[in-house]
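Engineer: Heads up, the sequence shown is in our numbering, so the first residue is 1 and it goes up one at a time.
Bear in mind the hints are in silico, worked out from the structure with no lab data behind them.
One or more of the hints may lead you astray.
[What the hints assert, rightly or not] Ranges between beta-carbon positions, derived for each pair:
#, residue 1, residue 2, range
1, G85, L2, 44 to 50 Å
2, P87, N65, 24 to 30 Å
3, P32, P130, 24 to 30 Å
4, T48, E84, 19 to 25 Å
Think of the CB as a built atom: it goes at the ideal place given N, C-alpha and C, for glycine as much as any other residue.
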Amino acid sequence: MLIAAIALVVIFAVWNGWEWFTDGPGHRKPAPPPVSFTQRIALPDCGTHRYVREDLPAAQRDCMNNGRASGLGGELTVVQPTFEGDPITTYYRVFSTDRRVEIFTDASADRFGNAGWSHFYCWAVPLNYPPDPGCVSPTDQPDR
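Make a model of the complete structure from these sequences and hints.
Structural biologist: Okay, structure coming up:
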């Protein structure tokens with residue numbers, strides 16, 4: 001009876017240890033994108049910038065700024081690796097000057113960080129569209 005109880009405890013310990021090893025820190029599966037991302041309307045593509053330490057190229061910055069000023073809109077993808085090399089992807093979406101900038105951030109591939117997606121709007125964002133997005137100032141956000 002004692003051997004059966006020990007065997008049962010060992011089986012559960014191995015099972016739970018394996019689950020932690022395959023799904024625990026560093027082994028997380030990326031989260032699926034939210035419906036608000038997958039069903040977003042298409043905008044002119046301003047490209048993808050892989051941020052390592054260089055500034056956003058002028059052509060991509062101008063595409064976004066001109067898209068917003070003209071009302072035609074634009075979408076820019078900025079990818080920045082974490083310290084471990086996992087990609088954090090930010091999608092900036094501009095529509096027109098009278099509409100807020102829509103921002104999606106996909107950190108679901110970050111194995112050691114705050115995994116998941118975030119989605120928010122800003123009236124004003126830095127004109128260089130940084131890889132770590134945020135609203136410029138709460139006073140620039142009339143809806144807050």
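Engineer: Each hint needs a verdict: does it hold in this structure or not?
Structural biologist: Okay, the hints, checked on the actual structure:
1. G85 <-> L2: 44 to 50 Å: Since the Cβ atoms of G85 and L2 sit about 48 Å apart, the hinted range of 44 to 50 Å holds.
2. P87 <-> N65: 24 to 30 Å: 25 Å, holds
3. P32 <-> P130: 24 to 30 Å: 26 Å, holds
4. T48 <-> E84: 19 to 25 Å: 21 Å, holds
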